[in-house]
Amino acid sequence: MSAAGHALSLQGIGKRYGDFVAVRDASLEVASGEFLTLLGPSGSGKTTILMMVAGFVEPTAGRILLDGRDITDLPPERREFGMVFQGYALFPHMTVAENVSFPLRVRKLGRAERDTKVRAALDLVQLGRFADRKPSQLSGGQQQRVALARALVFDPALLLLDEPLSALDKKLRAELQEELKALHRRVGRTFINVTHDQEEALSLSDRIAILNHGNLVQVGTPEALYERPATRFVADFLGKSNFIEGDAVVDAGGITLRRGGARVLARGTADGPAVLSLRPEKIVLLPDGAAEDNVVGGRIASWSYLGTGYGLVVETPDLGPIRVHLPAWRAAVAPAEGLPVRLGFSRDAAVAVLEDAA
Amino acid sequence: MGGYRPGWLNGAVAWITVIYLILPITIILPVSLTDQRFLSLPYHELSAQHYVRLLTTPAWTNAILQSAWIATASTLLAVVLGTLCAIGCWRLSRRSTDLVRALMLLPIIIPSIAYAIGLYRYFAGLGLLDSFLGVVLAHGVTGMPYVVITVSTALAAFDPRLESAARGMGASLLQTLRWVILPRIMPGVVSGAIFAFIHSWDELVVVLFIASRRVFTLPRKIWDGINENLDPAMAAVAVLLVGMTVLLLLLDLTLRRRRED
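Protein chains in written order, with my numbering: chain X, 394 to 751; chain R, 6 to 266.
Treat the hints as calculated values from the structure; they're not laboratory data. We put the CB at the ideal spot given by N, CA and C, even for glycine. Don't take every hint at face value.
What the hints assert, rightly or not - Taking beta-carbon pairs under 8 Å as the criterion, some of the chain R residues facing chain X (in silico):
| no. | residue |
| --- | --- |
| 1 | Thr22 |
| 2 | Ser52 |
| 3 | Ile113 |
| 4 | Ser117 |
Claimed, not checked - Chain R is nowhere near these chain X residues, computed Cβ spacing over 10 Å in every case:
| no. | residue |
| --- | --- |
| 5 | Gly405 |
| 6 | Asp466 |
| 7 | Glu470 |
| 8 | Glu473 |
| 9 | Gln479 |
| 10 | Arg504 |
| 11 | Val612 |
| 12 | Glu638 |
| 13 | Thr662 |
| 14 | Asp681 |
| 15 | Glu685 |
| 16 | Val706 |
| 17 | Ala727 |
Sequences are here, hints too, so could you generate the full structure?
Written out as structure tokens, the structure reads:
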């Protein structure tokens with residue numbers, strides 16, 4: 394497992410089933426060795442894109458290129474991609490070693506070479522001891538690692554992962570996220586991952602492609618997507634967000650949004666009706682006399698303790714209800730319903746986003 | 006599963022039904038052990054003489070062997086064709102394949118006498134009458150529905166992602182079939198084979214039509230025997246037939262149970 398990864402290029406691919414459009418005109422470049430995640434709610438078309446890359450679904454439009462070579466019409470068995478299926482799809486009648494050895498057997502490798510590679514792949518996922526077990530005798534996390542070993546054993550050009558962690562409980566999921574990330578660094582291949590779990594996408598990926606209703610909405614690094622969401626959907630799906638609607642006027646530092654009598658300084662580039670996205674954790678409770686780019690008064694309408702902090706809903710006369718997340722250990726005051734507070738946030742915290750096309 | 010115990014009437018009806026089903030079969034056992042030289046219950050003592058005669062008379066042993074050969078060959082035919090048909094229908098899975106599957110059941114649905122007449126007409130033209138091959142073909146075709154049914158049932162429980170996984174890892178259709186699909190549906194194939202074998206093993210109507218002097222299966226030999234003389238050896242053959250069938254059904258049952266564990 395030394396060869397470098399391969400680059401994939403999707404050029405305007407689409408898939409329609411009769412009148413239903415599953416994926417619309419998606420173009421995407423995946424660099425060699427990159428970990429890219431397709432993120433979206435169910436029915437957003439992310440799995441369809443993965444299946445088109447794998448070759449199980451035939452696109453009705455566009456081309457798919459691997460290192461510049463057109464592979465659109467290649468059947469799945471000739472694409473040389475490793476894949477981890479949802480639910481893993483391990484062969485129940487084979488042992489772990491036989492499962493991992495399957496892609497090598499298919500390629501008619503000799504027994505000695507097969508055994509060496511299988512052992513290396515199982516060691517890679519720390520499952521050497523379980524070689525002779527049946528998949529049903531393994532835990533969910535172990536099965537997932539067998540699926541990984543099986544997908545990587547034949548040095549595939551790409552590794553495709555279809556919701557690889559969704560069948561696991563939360564704690565195990567976090568653990569395997571770490572492992573998956575470490576594995577990606579070790580093998581240095583191109584990974585394409587599909588998930589609906591935004592935390593998984595944020596922590597694993599070099600870049601994330603966000604999908605909604607079959608449209609590729611935004612592609613970028615996790616930081617870029619979180620800090621500068623392009624649309625209301627992205628801001629809402631990736632993390633939590635308040636939305637403030639009003640009329641924007643471009644000023645020296647960005648835009649000023651007018652809403653009723655209130656003004657909000659924000660990042661943005663265009664005049665006219667606008668929506669601001671404001672992350673709850675970027676808002677602070679200001680002590681008396683302290684200043685900030687934006688200050689708004691209100692009363693706590695409700696609050697809850699979340700362990701890592703307090704979740705507040707503050708009813709403001711100017712901007713309506715605003716959700717605020719405060720780190721518990723730094724909270725200056727104990728929250729109480731009806732308590733008057735002053736909220737403050739910098740210009741950088743509020744960013745203008747586009748309304749999603751219907 | 007609590008519930009009320011059935012009333013005496015229900016119980017009585019159930020038992021009468023069971024006896025009605027089993028009695029004709031159980032009567033042949035004592036008859037086969039008769040010490041007399043004609044078809045009757047034992048008179049003075051139990052005797053195995055008819056079994057001995059059965060296994061030492063060339064006419065009977067020939068019939069047993071012929072039946073076994075025909076059943077084996079026709080089972081092979083039915084299993085190969087039936088399994089391929091079921092897999093094909095499953096893979097394509099369109100409305101037309103449902104029709105194909107329904108058509109495959111015709112040999113069981115159509116009265117076998119109608120089938121036999123049809124076969125008689127065709128086989129006469131093809132020179133297959135009274136030939137080993139002819140009977141094997143006839144039994145193979147009429148045994149196929151059992152295989153199609155059991156294999157289709159097994160395929161319904163097969164996870165299609167396993168096939169995608171195999172293809173995704175570079176396996177050709179044939180490799181996927183051999184290493185992934187067949188091992189998973191083997192219990193269905195074996196069940197179908199057992200039923201196809203039983204079907205051929207005790208099939209009489211078609212054989213009566215298309216065989217004359219050379220092909221003598223066991224059921225046909227019994228039929229002829231009963232028309233010519235009331236030899237108790239026939240009861241012994243019948244016990245053999247039933248025994249073989251019960252054995253195969255028990256085998257099927259154990260294989261299924263083992264799979265469920």
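Going down the list of hints, with the structure as the test:
Restraint check, Thr22/R versus chain X: the minimum CB separation of about 41 Å is more than 8 Å; hint violated. For Ser52/R, the interface hint is violated, the least distance from its beta-carbon to any beta-carbon of chain X being 50 Å, above 8 Å. The interface hint given for Ile113/R is violated, since its Cβ lies 31 Å from the closest Cβ of chain X, which is over the 8 Å cut-off. Because the beta carbon of Ser117/R sits about 38 Å from the nearest beta carbon in chain X, more than 8 Å, this interface hint is broken.
With a least beta-carbon separation of about 24 Å from chain R, Gly405/X lies farther than 10 Å from that chain, consistent with its non-interface assignment. Every Cβ of chain R is farther than 10 Å from the Cβ of Asp466/X; the closest lies at roughly 15 Å, confirming the non-interface assignment. Not every CB of chain R lies more than 10 Å from the CB of Glu470/X, the least distance being 5 Å, so the non-interface label is violated. Once the 10 Å rule is applied to beta carbons, Glu473/X is inconsistent with being away from chain R; the minimum gap is 7 Å.
A beta-carbon of chain R is positioned within 10 Å of the beta-carbon of Gln479/X; the least distance is around 8 Å. Every CB of chain R is more than 10 Å from the CB of Arg504/X (nearest about 16 Å), matching its label as outside the interface. With a closest Cβ-Cβ approach of about 25 Å to chain R, Val612/X is found to remain outside the 10 Å limit, as its non-interface label requires. For Glu638/X, the requirement that its beta carbon stay farther than 10 Å from each beta carbon of chain R is met, with the minimum near 45 Å.
With a minimum CB-CB distance of about 45 Å to chain R, Thr662/X clears the 10 Å threshold, and the non-interface call stands. The Cβ of Asp681/X sits about 62 Å from the closest Cβ of chain R, beyond the 10 Å cut-off, so the non-interface label holds. With a closest Cβ-Cβ approach of about 54 Å to chain R, Glu685/X is found to remain outside the 10 Å limit, as its non-interface label requires. A cut-off of 10 Å between C-beta atoms confirms that Val706/X is not in contact with chain R; the least separation is 44 Å.
Under the 10 Å C-beta cut-off, the non-interface status given to Ala727/X relative to chain R holds; the minimum distance is some 53 Å.
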